[in-house]
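Student: Sequence:
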Amino acid sequence: MYVILGNPEALTNTVWLNNCLHFGMRSRQDHTDMLFGDVTMKATSEGKHYLEYSERMTKTRQGESRNTRSFAPKIFETPEFMKRRPVDTLTPTSRMYLSTLHNITPDSTHPPIRALWFSKQPLGKNKLGDLAKTMSLKAGLTGRKVNHSARKTTVTF
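Going by the UniProt record's numbering, the first residue of the sequence shown is number 1, and it counts up by one from there.
Certain hints may be false.
[Claimed, not checked] Once the Cα atoms are required to be at most 27 Å apart in a straight line, the calculated DSSO-like pairs of lysine-lysine come out as:
(1) Lys83 <-> Lys42
(2) Lys133 <-> Lys74
(3) Lys42 <-> Lys74
(4) Lys42 <-> Lys133
(5) Lys127 <-> Lys138
(6) Lys48 <-> Lys74
(7) Lys48 <-> Lys83
(8) Lys74 <-> Lys120
(9) Lys83 <-> Lys120
(10) Lys125 <-> Lys83
(11) Lys48 <-> Lys127
(12) Lys127 <-> Lys83
(13) Lys125 <-> Lys138
(14) Lys48 <-> Lys133
(15) Lys83 <-> Lys138
(16) Lys133 <-> Lys120
[Claimed, not checked] Cβ pair distances, simulated, as ranges:
(17) Leu141 <-> Thr44: 13 to 23 Å
(18) Gly124 <-> Thr44: 30 to 40 Å
(19) Ser45 <-> Lys133: 33 to 43 Å
(20) Ser45 <-> Thr134: 16 to 26 Å
In case anyone wonders, no lab produced these hints; they're calculated from the structure. For every residue, glycine included, the Cβ atom is placed at its ideal position computed from N, Cα and C.
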C-alpha cells in the first residue's frame with residue numbers, strides 16, 4: 001500500500017490510488033459512487049486491521065457469475081484517513097471522497113479543532129476524474145495519464 005499523509009490532498013490521492021490498485025476501481029463514476037459503507041474494517045487472526053471492499057451492483061456490474069471475484073479485495077488500514085474526517089461522515093452512506101479544507105497547517109502549529117482535513121461536502125466528479133492527471137503532472141511524469149492508467153498498473157502486478 002502506498003501511504004502519503006502530509007496534507008489533505010496527499011491523503012485523498014493516497015486513498016484514490018489504493019482504491020484503484022487494490023480494489024480495481026477505475027472510472028470516475030466508480031469513485032464518485034463509492035460510499036464509506038462499501039468498505040468494512042476487519043482484522044486478521046494476528047490482529048492486523050484491514051479494509052475489505054464489498055462491490056455493489058452498478059450499471060456496468062450486474063453480478064453475473066463470470067464477472068464476480070472469487071475473493072473480497074483488501075487494503076491494510078490507513079487510520080489517518082478516518083481521523084481527518086468529520087465524525088458524521090463515518091456512516092455507511094457517507095461518500096468516500098470528501099472536499100478538502102483549505103489553509104491546513106502542520107499538526108504541531110494548529111489547535112486540535114483543525115485536526116480535520118475534510119469538509120462534509122463530497123469531492124466533485126470532475127476533481128475525481130482528473131486525479132491521475134493532476135498527480136502525474138505534480139510528479140513530473142510524461143505522457144497522458146488518466147484514471148484508467150492506475151487500473152492498467154494493477155493488471156501488471
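Student: Lys83 and Lys42 were given as a pair; does the straight-line alpha-carbon distance stay at or below 27 Å?
Tutor: Status holds; Cα separation ~17 Å.
Student: Could you grab the alpha-carbon distance between Lys133 and Lys74 and see if it respects the 27 Å cut-off?
Tutor: holds, 25 Å
Student: Is the Cα-Cα distance between Lys48 and Lys74 27 Å or less?
Tutor: holds, 12 Å
Student: Please work out if Lys83 and Lys138 have their alpha carbons no farther apart than 27 Å.
Tutor: holds, 26 Å
Student: Does the Cβ-Cβ separation between Leu141 and Thr44 fall within 13 to 23 Å?
Tutor: violated, 34 Å
Student: Starting from Lys127, check that the Cα of Lys83 is at most 27 Å away, please.
Tutor: holds, 22 Å
Student: Lys125 and Lys138 were given as a pair; does the straight-line alpha-carbon distance stay at or below 27 Å?
Tutor: holds, 20 Å
Student: Given the hint that Lys125 pairs with Lys83, test it: the Cα-Cα distance must not exceed 27 Å.
Tutor: Distance of about 24 Å is within 27 Å: holds.
Student: Could you see if the CB distance from Gly124 to Thr44 stays within 30 to 40 Å?
Tutor: This hint holds: roughly 36 Å between Cβ atoms.
Student: Measure nothing beyond the straight line between the CA atoms of Lys127 and Lys138; if it is 27 Å or shorter, mark the hint as holding.
Tutor: holds, 15 Å
Student: Just to be sure I understand the hint, the distance between the Cβ atoms of Ser45 and Lys133 should be within 33 to 43 Å; is that true here?
Tutor: For Ser45 and Lys133 the Cβ distance comes to about 41 Å; the hint holds.
Student: Lys48 and Lys83: Cα distance at most 27 Å?
Tutor: Holds. Lys48 to Lys83 sits at ~18 Å (cutoff 27 Å).
When each numbered hint is compared with the structure, violations occur for hints 4, 11, 14, 17, 20.
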